[in-house]
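Based on these hints, arrange chain B on the given structure of chain A.
There are 2 protein chains.
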Amino acid sequence: MKNLKYGIAIFPSKEIQDVANSYRKRYDPNYKNIPPHITLKERFKVNTDEIDQLAKELNKIAADMEPFEIEIHKVSSFSPVTNTVYLKVAPNESLTYLNEKMHQGIFPSEQQYAFVPHITISQDLSEDEHSDVYGSMKMLTFDLKDTVDRFQLLYQLEDGTWTVYETFKFGQ
Amino acid sequence: MKNLKYGIAIFPSKEIQDVANSYRKRYDPNYKNIPPHITLKERFKVNTDEIDQLAKELNKIAADMEPFEIEIHKVSSFSPVTNTVYLKVAPNESLTYLNEKMHQGIFPSEQQYAFVPHITISQDLSEDEHSDVYGSMKMLTFDLKDTVDRFQLLYQLEDGTWTVYETFKFGQ
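For the record, the sequence lines run as chains A and B. If you count by the numbering used here, then the first sequence holds residues 10 to 181, one letter each, in order. If you count by the numbering used here, then the second sequence holds residues 10 to 181, one letter each, in order.
Source of the hints: derived by calculation from the structure; they are not laboratory data. Hints are supplied without guarantee of correctness; some may be wrong.
[Said to hold, decoys possible] In the DSS-like style, the derived pairs of lysine-lysine whose C-alpha atoms are separated by at most 25 Å in a straight line are: (1) Lys34(B) with Lys69(A); (2) Lys41(A) with Lys14(B); (3) Lys14(A) with Lys14(B); (4) Lys178(A) with Lys69(B); (5) Lys178(B) with Lys65(A); (6) Lys14(A) with Lys34(B); (7) Lys178(A) with Lys14(B); (8) Lys154(B) with Lys11(A); (9) Lys97(B) with Lys65(B).
Pulled out of the complex, with its shape left as it was, chain A reads as follows (with noise of 0.2 Å):
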């Protein structure tokens, strides 16, 4: 019996992750901890005996969910409450109900911040570079799209990588 770290993400389309990748590798130092991804529901420690009862869980809602198309168009900030930059996900139902089914019941419900879905492309800069990187970058637009058919359940390694534990398709 052993805690682990766990957490929940949907990895976007490879051209998506490309283009948030050019920007990471340059402004992100958790760049190669983890592929691009929107985070459904932060780091939660659960023990290893447990993990398969929340993935069962998992696994219906998933199968209750149909496919759904994400839009990003847009570069926004979190500051200064953080100084993140992130690719802005255009507001949609579909990933709010998932944040929120995934805090629910045998879920553990603490959540930080409030859900913004986002791909995190710049963090843990100084005020300074991240003023610099932020304000080269709000002017830029994106027409980016994917549709949206699975998430992933995902644990945390000591040096901080996260390896992917199980996928969830939708409808399945």
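Chain B only, in chain A's frame:
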């Protein structure tokens, strides 16, 4: 329609991954491109339109499997073929069976090397570095065991990192 580079691998337990990463972080330039893994099928190109057919076939292969044990007791090297040093996975019929199934039927059959189940911990070192590293590691003994109950289909991003596309659990 786009060709992506796919691969198929097993991620062993967090314990084994942590051991592997303690070496990889020093000796493997591929360290953060993918978590520690046992490759079942080396990188192959498939059209994104065709991958879900392959995934269906992988589902069938996984459905017929039962969880099996793997053991790791020592370090070995592929030298002089390549300077890759690895955690040697003890000979295992289930791994061999999976490797064979993934090179038959609708799967590309090419395989650069004979199948030797392993977890790479050092690669792309100079001849001298390899001698030093392997010399210091070949006396080590391990007593690592794990139950394998799934494998993963991954694709490679432009920067060389890998993203999991789907997990296949045995007997489902």
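These are the hints, each one checked on the structure:
no.: 1; hint: Lys34(B) with Lys69(A); result: 38 Å, violated
no.: 2; hint: Lys41(A) with Lys14(B); result: 19 Å, holds
no.: 3; hint: Lys14(A) with Lys14(B); result: 29 Å, violated
no.: 4; hint: Lys178(A) with Lys69(B); result: 16 Å, holds
no.: 5; hint: Lys178(B) with Lys65(A); result: 13 Å, holds
no.: 6; hint: Lys14(A) with Lys34(B); result: 21 Å, holds
no.: 7; hint: Lys178(A) with Lys14(B); result: 21 Å, holds
no.: 8; hint: Lys154(B) with Lys11(A); result: 16 Å, holds
no.: 9; hint: Lys97(B) with Lys65(B); result: 30 Å, violated
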